[in-house]
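In the order they appear, the protein sequences are chains U and H. In terms of the working numbering, the first sequence is residues 1 to 358. In terms of the working numbering, the second sequence is residues 1001 to 1282.
If you are wondering where the hints come from, they were derived from the structure by calculation, not from laboratory data. In this text, all values refer to a predicted model and were calculated from it rather than measured experimentally. Heads up, some of the hints might be wrong.
[What the hints assert, rightly or not] Label pairs and their computed distance ranges (CB to CB):
#1 U:R61 x H:F1114: 38 to 46 Å
#2 U:A128 x H:T1112: 54 to 62 Å
#3 H:L1008 x U:L241: 50 to 58 Å
#4 U:Q104 x H:T1112: 39 to 47 Å
#5 U:E7 x H:G1147: 55 to 63 Å
#6 H:F1114 x U:E7: 49 to 57 Å
#7 H:T1112 x U:D243: 50 to 58 Å
[Claimed, not checked] Pulled a few chain H residues facing chain U out of the computed Cβ check, cut under 10 Å:
#8 D1071
#9 P1173
#10 P1174
#11 E1175
#12 A1179
#13 A1180
#14 R1181
#15 V1182
#16 S1186
#17 V1194
#18 V1200
We treat Cβ as the ideally placed atom computed from N, Cα and C, and that holds for glycine.
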Amino acid sequence: MATVDIEGVRKLFDQVTVLDGIDLAIADREFVVLVGESGCGKSTLLRVIAGLDHATAGEIRIGGRRVNELEPRDRDIAMVFQSYALYPHMTAAGNMGFNLELRQRGRDEIRAKVGAAAGVLNLDKLLARFPRQLSGGQRQRVAMGRAIVRQPQVFLFDEPLSNLDAKLRVQMRTEIRTLHQRLAATSIYVTHDQVEAMTMADRIVVLNAGRIEQVGTPLELYDQPATRFVAGFIGSPAMNLADGTVVRVADAMALHTDGGARWPLPAAAQPFVGARATLGVRPEALGFDEDGALEGRVTVIERLGPLSYVFVDTGGVRVCCQADRHDAHRPGDAVRLSPVPSMVHLFDHATGHRMSLD
Amino acid sequence: MSAGTSALPLVGRDRIIGYGLMVVAVLCVVGPFAWILMSSFKHQIAILTGAWSFTPTWSNYAEVLFGRRSDFVGNVRNSAVVASVSTVLVLVVGTLAAYSLHRFRWARWVTTGFLGWTLIFHMIPALTLVGPWYIAFRELGWYDTLGGLILTHVTMNLPMTVWLMMAFFSEIPPEIEEAARVDGCSPLEAFRYVALPLAVPGLIAAGILAFIFSWNEFSIALNLTARDTATVPVAIARFAQQYEVQHSQMAAAAVISTIPALLLMALGQRFIVRGLTLGSVK
Chain U
1 MATVDIEGVR
11 KLFDQVTVLD
21 GIDLAIADRE
31 FVVLVGESGC
41 GKSTLLRVIA
51 GLDHATAGEI
61 RIGGRRVNEL
71 EPRDRDIAMV
81 FQSYALYPHM
91 TAAGNMGFNL
101 ELRQRGRDEI
111 RAKVGAAAGV
121 LNLDKLLARF
131 PRQLSGGQRQ
141 RVAMGRAIVR
151 QPQVFLFDEP
161 LSNLDAKLRV
171 QMRTEIRTLH
181 QRLAATSIYV
191 THDQVEAMTM
201 ADRIVVLNAG
211 RIEQVGTPLE
221 LYDQPATRFV
231 AGFIGSPAMN
241 LADGTVVRVA
251 DAMALHTDGG
261 ARWPLPAAAQ
271 PFVGARATLG
281 VRPEALGFDE
291 DGALEGRVTV
301 IERLGPLSYV
311 FVDTGGVRVC
321 CQADRHDAHR
331 PGDAVRLSPV
341 PSMVHLFDHA
351 TGHRMSLD
Chain H
1001 MSAGTSALPL
1011 VGRDRIIGYG
1021 LMVVAVLCVV
1031 GPFAWILMSS
1041 FKHQIAILTG
1051 AWSFTPTWSN
1061 YAEVLFGRRS
1071 DFVGNVRNSA
1081 VVASVSTVLV
1091 LVVGTLAAYS
1101 LHRFRWARWV
1111 TTGFLGWTLI
1121 FHMIPALTLV
1131 GPWYIAFREL
1141 GWYDTLGGLI
1151 LTHVTMNLPM
1161 TVWLMMAFFS
1171 EIPPEIEEAA
1181 RVDGCSPLEA
1191 FRYVALPLAV
1201 PGLIAAGILA
1211 FIFSWNEFSI
1221 ALNLTARDTA
1231 TVPVAIARFA
1241 QQYEVQHSQM
1251 AAAAVISTIP
1261 ALLLMALGQR
1271 FIVRGLTLGS
1281 VK
């Protein structure tokens, strides 16, 4: 069992709080992605788990064993670094087998294990090469191979794909996920790319300013963001957000935005009349509607192939609206929009917390 | 200093002036050496009369190396021992100190204090220290021993070695050593298997510079050695006696003494250039 339990972990660098009370329980064989903007503390949390940095307070347990005081090498973990961090003076095989050599395993065993890992990663023909003779993607694989050979309890990934070009990144994303399904080891993966988080994770942990904003499956985070931050962070294109005041107009509920637009709200918003709030609607929950309450003018159209995104200026707020691939609108067109009422989110303006519309 | 650095091409008068300056610079360096080299193949009389045409002779070399009155081979042996041992010692001490200062989280005053001290020490003329060393070594019984001279050369070379090795260690990305620590290395093993092999060019550069310094060092050796322990530079100086200067043998000995330095520079030049310019161009 390789669970990872993090309890009340705090980390201060010279009086600056980088991690502020992190509590997280990661199940055996789970693939957890830590995501957030740069400086949110996600890499620090990973380094604290690895033992490369020490927690100022709190406890970390791997497989039920407290590891706070243990050296990285005694934690039974493997880590893949953003810069790959391969040993430049060793061949690919040397890099992958270094740990086994340190543990004084026999030459045959090392060769067998390195060979097996190389087979999984399609590195068979590159084993004799030095890192400088490998492409970025191949180095990435060697770094992965170095982690696999160890057969650790927990894999730690620190933005391993951010140095690769877009196409290779998508490919490696799938490969890492496939590998995880095959090896079934607990994995903790750090990224700033929410698409990577959505596509790879069993569960996503959204971090903001050293605190956990929300933990959940990709769809939970997408459908039920707990805070305004998560709503804006998860999803691409981002959720449309507009600040305003909840009002009642005739018998219907609406959000009167600061720019003067009026967004319809479901009846469940009734308890919040008079409150300052942020409304959130995803692009796919916003449609063109001749009777729509929201007026605007088309500014830009992005055609992605399977679908199009139409950007509309509504009273100073630019919103994104998902349309089909043959959408006939042109920049400058006057349009009316209406959101799907059941897919509207409302967040408290002051705290950023979700206001229940159920 | 990348290979892609493009220089502005010189044209017309600039070109002539440029080449002219270059020729002057080369003559300044090569001229004296060529003069010594020529003298080493002349008889003493040809040197004293200032004759330009002469019949080359190996006799000076033969006299210096095999002559009954000469103990130059012994001097070369002394120099080789002093330079080799002091280089090895300074590399061991300097590399460990540089790694410790660079990698471990010492209090700021420790690092600054140590490096500041080495810098000041490096700027003090060696002759300032020779007097106290002479007195101390006489008391300790280290005067006229190779061990004493080795110790002084280690001391003189340590600042440069520490600074040079720190520059090389700072070029190694910290993640590589972190990867090694996750991979199963103790801090000492991370140094031994990862940091040290990657700093080999630095070791070569620092080693060559320390060796050449020690090989050429004159003022300390002159004061702390006697006949049996004299090194090559001291021996060369001794060809100039009160009543007679043996110009031709002095020249031959000087030429022989340049051989190790020339060989080392030829082999290790690229490492030295890299070491001295490290961090200057990103």
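Tested hints:
As the Cβ distance of U:R61 to H:F1114 is approximately 40 Å, the hint placing it in 38 to 46 Å holds. At roughly 46 Å, the beta-carbon separation of U:A128 and H:T1112 lies outside the given 54 to 62 Å, and the hint is violated. As the Cβ distance of H:L1008 to U:L241 is approximately 55 Å, the hint placing it in 50 to 58 Å holds. Distance hint check: the CB atoms of U:Q104 and H:T1112 are about 41 Å apart, consistent with the given range 39 to 47 Å.
Checking the proposed 55 to 63 Å range against U:E7 and H:G1147 shows it holds: the Cβ atoms sit about 59 Å from each other. Between H:F1114 and U:E7 the C-beta distance comes to about 41 Å, which lies outside the given range of 49 to 57 Å. Between H:T1112 and U:D243 the Cβ separation comes to about 51 Å, which falls inside the hinted range of 50 to 58 Å. The interface hint given for H:D1071 is broken, as the beta carbon of that residue sits about 45 Å from the closest beta carbon of chain U, more than 10 Å.
Here the hint on H:P1173 is kept, as its CB sits about 6 Å from the closest CB of chain U, short of 10 Å. The beta carbon of H:P1174 comes within 9 Å of a beta carbon in chain U, closer than 10 Å, and the hint placing it at the interface holds. Among the interface hints, the one on H:E1175 holds; its C-beta lies about 4 Å from the nearest C-beta in chain U, closer than the 10 Å criterion. Taking 10 Å as the C-beta cut-off, the interface hint given for H:A1179 holds, the closest approach to chain U being about 4 Å.
The interface hint given for H:A1180 is met, as the beta carbon of that residue sits about 7 Å from the closest beta carbon of chain U, less than 10 Å. A distance limit of 10 Å between C-beta atoms decides the matter here; for H:R1181 the minimum to chain U is near 5 Å, and the interface restraint holds. The closest approach between the C-beta of H:V1182 and any C-beta of chain U is roughly 5 Å, which is under the 10 Å cut-off, so the hint is satisfied. A hinted interface residue such as H:S1186 counts as satisfied when its beta carbon comes closer than 10 Å to some beta carbon of chain U; here the least separation is about 7 Å, so the hint holds.
Proximity of H:V1194 to chain U holds as hinted, the smallest CB-CB distance being about 6 Å (cut-off 10 Å). For H:V1200, the shortest C-beta to C-beta distance to chain U is roughly 8 Å, which falls under 10 Å, so the interface hint holds.
Going down the numbered hints, you'll see the structure goes against 2, 6 and 8, while the others check out.
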